[in-house]
Amino acid sequence: MTAILTIVFLPFAASLFILVLSPVLQKVQVGKKLGSAVAFVPFVCLSLIIAWIPELKSGAPAIFNISWVKTYGIELSFLVDGLSILFGILISGIGFFVVIYSVWYLSDKEDKVKFYLYLMMFMGAMLGVVFSNNLFGLFTFWELTSISSFLLIGFWYHKEASRYGATKALVITGLGGIAMLAGFIVLYQITETFDITKILTMGDTIRSSPLYVPALILIFLGCATKSAQFPFHIWLPNAMEAPTPVSAYLHSATMVKAGIFLTARLSPAFSGTAFWTALVAGFGLTTMVVAGVLAIRQTDLKALLAYSTISQLGMIMAMLGFGTQYSGEAAVVHILNHAAFKAALFMVVGIIDHGCGTRDLTYVGNLRKEMPHSYKIAVIGCLSMAGLPIFGGFISKEMFYESTLHMPFAPVPFLIPTVAVLASLFTFAYSFKFLIWGFFYKAPEHPPHHPHEAPMLGLASPVFLALMVILLGLTPGLFSHALLEPAAAAVTGQPADLHLGLWHGINTPLIMSFFTVVLGTVIFMRLKKINAVQDEVSASVPWLSPNFVYNKGFLEGIPLLTRRCLWWFQSGYLKHYLFVIIAFVMASVFMFSVSQGWVLQLDRLFKTEMTLVQGLTVAFLICAATATAVFKNRISAILSLGMTGFLVAFLYVVMGAPDLALTQYLVEAVSVILILLVFYFMPPYFEEKATQNTKAVNIGLSVTVGVVMCFYMLMVMDSHLVQSISQYYLETSEKLAGGRNVVNVVIVDYRGFDTLFEICVFAIAILGIYAMLRLKKKTNTKTREATLK
Amino acid sequence: MKLLLPLAIGVLFGAGTYLMLQKNILKLVLGLSLIGHGANVILISSGWIGSGQVPILGKEEGAPFVDPLPQALILTAIVIGFAALAFLLVLSLRVYRDLKTANIEEIRGQRG
Numbered sequence: 067m068t069a070i071l072t073i074v075f076l077p078f079a080a081s082l083f084i085l086v087l088s089p090v091l092q093k094v095q096v097g098k099k100l101g102s103a104v105a106f107v108p109f110v111c112l113s114l115i116i117a118w119i120p121e122l123k124s125g126a127p128a129i130f131n132i133s134w135v136k137t138y139g140i141e142l143s144f145l146v147d148g149l150s151i152l153f154g155i156l157i158s159g160i161g162f163f164v165v166i167y168s169v170w171y172l173s174d175k176e177d178k179v180k181f182y183l184y185l186m187m188f189m190g191a192m193l194g195v196v197f198s199n200n201l202f203g204l205f206t207f208w209e210l211t212s213i214s215s216f217l218l219i220g221f222w223y224h225k226e227a228s229r230y231g232a233t234k235a236l237v238i239t240g241l242g243g244i245a246m247l248a249g250f251i252v253l254y255q256i257t258e259t260f261d262i263t264k265i266l267t268m269g270d271t272i273r274s275s276p277l278y279v280p281a282l283i284l285i286f287l288g289c290a291t292k293s294a295q296f297p298f299h300i301w302l303p304n305a306m307e308a309p310t311p312v313s314a315y316l317h318s319a320t321m322v323k324a325g326i327f328l329t330a331r332l333s334p335a336f337s338g339t340a341f342w343t344a345l346v347a348g349f350g351l352t353t354m355v356v357a358g359v360l361a362i363r364q365t366d367l368k369a370l371l372a373y374s375t376i377s378q379l380g381m382i383m384a385m386l387g388f389g390t391q392y393s394g395e396a397a398v399v400h401i402l403n404h405a406a407f408k409a410a411l412f413m414v415v416g417i418i419d420h421g422c423g424t425r426d427l428t429y430v431g432n433l434r435k436e437m438p439h440s441y442k443i444a445v446i447g448c449l450s451m452a453g454l455p456i457f458g459g460f461i462s463k464e465m466f467y468e469s470t471l472h473m474p475f476a477p478v479p480f481l482i483p484t485v486a487v488l489a490s491l492f493t494f495a496y497s498f499k500f501l502i503w504g505f506f507y508k509a510p511e512h513p514p515h516h517p518h519e520a521p522m523l524g525l526a527s528p529v530f531l532a533l534m535v536i537l538l539g540l541t542p543g544l545f546s547h548a549l550l551e552p553a554a555a556a557v558t559g560q561p562a563d564l565h566l567g568l569w570h571g572i573n574t575p576l577i578m579s580f581f582t583v584v585l586g587t588v589i590f591m592r593l594k595k596i597n598a599v600q601d602e603v604s605a606s607v608p609w610l611s612p613n614f615v616y617n618k619g620f621l622e623g624i625p626l627l628t629r630r631c632l633w634w635f636q637s638g639y640l641k642h643y644l645f646v647i648i649a650f651v652m653a654s655v656f657m658f659s660v661s662q663g664w665v666l667q668l669d670r671l672f673k674t675e676m677t678l679v680q681g682l683t684v685a686f687l688i689c690a691a692t693a694t695a696v697f698k699n700r701i702s703a704i705l706s707l708g709m710t711g712f713l714v715a716f717l718y719v720v721m722g723a724p725d726l727a728l729t730q731y732l733v734e735a736v737s738v739i740l741i742l743l744v745f746y747f748m749p750p751y752f753e754e755k756a757t758q759n760t761k762a763v764n765i766g767l768s769v770t771v772g773v774v775m776c777f778y779m780l781m782v783m784d785s786h787l788v789q790s791i792s793q794y795y796l797e798t799s800e801k802l803a804g805g806r807n808v809v810n811v812v813i814v815d816y817r818g819f820d821t822l823f824e825i826c827v828f829a830i831a832i833l834g835i836y837a838m839l840r841l842k843k844k845t846n847t848k849t850r851e852a853t854l855k
Numbered sequence: 763m764k765l766l767l768p769l770a771i772g773v774l775f776g777a778g779t780y781l782m783l784q785k786n787i788l789k790l791v792l793g794l795s796l797i798g799h800g801a802n803v804i805l806i807s808s809g810w811i812g813s814g815q816v817p818i819l820g821k822e823e824g825a826p827f828v829d830p831l832p833q834a835l836i837l838t839a840i841v842i843g844f845a846a847l848a849f850l851l852v853l854s855l856r857v858y859r860d861l862k863t864a865n866i867e868e869i870r871g872q873r874g
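Chains A and B supply the protein sequences, listed in that same order. Per our numbering: the first sequence = residues 67 to 855. Per our numbering: the second sequence = residues 763 to 874.
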């Protein structure tokens with residue numbers, strides 16, 4: 067329990083610690099000390115995770131619960147099994163090397179405090195994602211990775227491109243996260259639990275549920291955006307604006323694998339259907355091919371690696387999509403391989419960038435003499451990426467081919483293996499482009515400064531990772547039993563038995579590899595011509611790229627739409643607002659009458675008795691109200707309004723409400739005086755210069771309101787929706803409150819609080835009036851300063 | 763009477779709306795006042811039962827009482843309506859003093 071909490075929360079604690087100390091740290095020159103100190107955090111996490119491995123073999127995964135929102139079944143629950151251990155090792159292990167590397171990479175001018183603050187936050191969030199056993203806990207950590215990634219991509223926020231890249235990543239992964247949350251809620255409808263281990267045992271229930279397809283699509287949207295699957299991949303190349311240690315960490319080994327992780331995590335519950343294979347493998351293979359085609363075009367080495375990462379993520383996704391036991395094992399093996407060689411290659415790019423001042427192949431080339439150590443690392447990394455023997459990449463490539471041969475629900479025989487080989491051709495080509503163009507060919511232009519190799523501190527991390535790549539190829543057994551088999555078992559739901567090796571005899575995958583090498587070399591030889599064609603295509607059809615949709619549709623379209631809507635809703639004309647309010651009220655009155663099924667019964671209305679006095683009062687009232695509206699002279703209008711008020715008061719008298727009449731008389735008299743007083747200070751009525759159209763609309767709207775209210779009242783008066791509580795007041799007024807005037811008793815006793823608040827309203831109005839009359843207009847600060855001088 | 767009361771309410775609301783749609787800020791105030799009257803008449807009508815007795819206990823004559831609850835509500839409404847009227851009047855006075863106009867359309871976008 068303590069161990070797992072330490073693993074997840076130690077990075078957060080470190081982050082908080084740096085945050086608290088940041089005022090002090092920012093003053094002193096932290097130099098390289100801060101980075102070295104921070105490296106202890108991933109090191110401790112890594113050691114704790116590795117120490118856990120022996121316990122894994124003993125059987126069931128370990129689960130730790132902390133209650134969070136108990137009533138909704140939301141817990142801070144952690145699950146330690148093979149898959150989370152594998153990812154935990156990747157995150158903390160590569161995290162450790164990245165921190166070491168960053169100590170060299172970041173110059174003293176950079177804001178290191180902020181950098182490590184964000185980086186530790188990200189690491190904690192990522193560890194939280196992979197160890198979560200509750201969907202809500204996972205979602206929380208998932209969103210934290212998006213936020214910290216946003217901060218890290220935008221680390222050099224003074225650059226326009228960084229801000230663009232950071233926003234893009236946040237928007238795309240954030241929208242995916244929302245879809246995923248919706249998916250979790252749909253999943254809850256099926257399983258009625260947020261507990262991941264419980265969900266994993268309910269595979270059959272989930273697959274047979276009608277909600278299976280919507281839940282899968284929504285959750286997969288979250289995975290696909292995070293793991294940069296086509297067409298959501300566009301954020302990843304822009305995220306390369308981040309400092310290289312960040313790219314090596316987030317955008318090769320960890321964050322982009324979060325989508326892979328979740329797909330793998332949930333695959334025992336979801337996989338095994340034709341829809342799963344079509345969706346996940348379809349996305350994966352498309353991404354793999356498209357990103358491969360785009361990668362061979364790049365001249366920026368970091369962009370090349372970015373597209374290559376997208377392509378490799380597609381490959382892992384495809385293997386998860388096949389859903390067989392073998393493909394699940396293959397995916398796990400490739401996750402480890404890819405993390406090792408890709409992180410090493412990113413670090414090499416960082417060294418080249420540092421040493422030459424640029425990482426563009428137009429300026430950088432023939433580096434093998436100036437950078438002999440980086441060259442060796444690049445050879446190992448690239449050959450592994452291309453899938454050539456003796457390196458880890460070869461093993462997983464072979465496994466990928468093998469799994470395409472035995473995939474279920476294959477649409478057409480040989481189609482998928484062919485696509486797999488096709489995609490791998492591009493992988494081969496861009497790997498060699500990186501290696502040969504970067505280290506052998508001479509670049510057309512000169513770099514900003516003469517290339518120089520990085521010192522030991524910068525080389526240490528990539529060297530170690532390159533050693534891992536070799537070990538993964540030569541002695542895969544070292545990892546398979548302890549690490550990969552438990553992980554594969556968690557993905558497939560079956561105990562795994564891996565026999566990894568470079569040589570399995572001459573079989574179909576080996577022949578496919580042979581074709582890959584031969585045809586890949588052909589593509590590489592013609593790369594310049596192919597690139598020229600690609601440039602032409604992308605220049606002539608710009609809308610082909612999803613970037614076009616994001617830039618035009620999202621970045622420009624949404625503000626435009628918002629402005630349009632705002633203009634429509636908030637025109638600034640009082641009349642428009644009134645119009646909307648009136649129309650809404652009228653519509654709701656109408657809807658309510660219809661929903662009550664009210665019918666107008668005129669014959670009953672005519673039968674009711676009415677005295678002459680009552681009739682005359684109402685008739686006069688109608689005249690007075692109309693007069694108020696139509697008089698062009700303001701004194702007449704005010705007097706008509708006063709008349710209306712007095713007639714209403716008289717109406718109260720004839721309708722048995724003497725108290726109201728008294729109050730109304732009093733208030734009306736004061737009102738008329740007040741209005742006259744104010745009007746004295748105001749200009750006379752000006753002429754309403756309105757067009758015929760406006761007049762017609764005004765009159766039309768007013769008549770509509772009048773008619774609707776009239777009919778509404780006719781129907782209300784004839785129906786009794788609810789029983790009045792007045793009988794209670796009438797019965798108990800004397801007994802309980804000791805008053806005979808029931809209206810007065812209601813006011814001061816039964817509804818005493820109403821009256822109290824009414825007095826408050828009055829007091830507030832008085833304060834407002836006083837303020838408006840007495841307070842002077844504030845002069846502008848500038849003019850005030852001027853007068854002071 | 764039963765037909766006349768809704769008619770009066772309709773006219774009060776219609777005339778009030780018409781005044782509110784004008785450009786003069788004072789007409790807006792008058793219109794609101796009319797609609798306030800209309801709302802009160804709606805309330806009193808809902809409790810009306812033709813010929814009822816004033817709800818004061820002690821001298822019952824056999825006829826049923828008029829509903830006292832709407833009356834209590836109207837009593838509150840009249841007072842609050844008066845407070846709102848006074849507030850609006852002074853507000854328009856202040857607007858005229860500071861912005862030198864009583865036209866709602868011209869007030870738009872100005873800062874005092």
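Derived by calculation from the structure, the hints in this document are not laboratory data. Among the clues, some could well be false.
Straight-line distance between alpha carbons at most 25 Å, and here's what the computed DMTMM-like set of lysine to aspartate or glutamate pairs gives [unchecked claim]: (1) A/K698 <-> B/E867; (2) A/K175 <-> A/D419; (3) A/K842 <-> B/D860; (4) B/K862 <-> A/E753; (5) A/K641 <-> B/E868.
To see whether the hints hold, each was checked on the structure:
1. With a C-alpha separation of about 20 Å, the suggested pairing of A/K698 with B/E867 holds against the 25 Å cut-off.
2. The straight-line distance between the Cα atoms of A/K175 and A/D419 is roughly 17 Å, inside the 25 Å bound, and the hint therefore holds.
3. For the proposed pair A/K842 and B/D860, the alpha carbon gap of about 10 Å is at most 25 Å, so the pair holds.
4. Distance hint between B/K862 and A/E753 is fulfilled; the C-alpha atoms sit about 16 Å from each other, no more than 25 Å.
5. Between A/K641 and B/E868 the alpha-carbon distance is near 13 Å, which keeps this suggested pair within the 25 Å criterion.
Hint violations for this structure: none, all hints satisfied.
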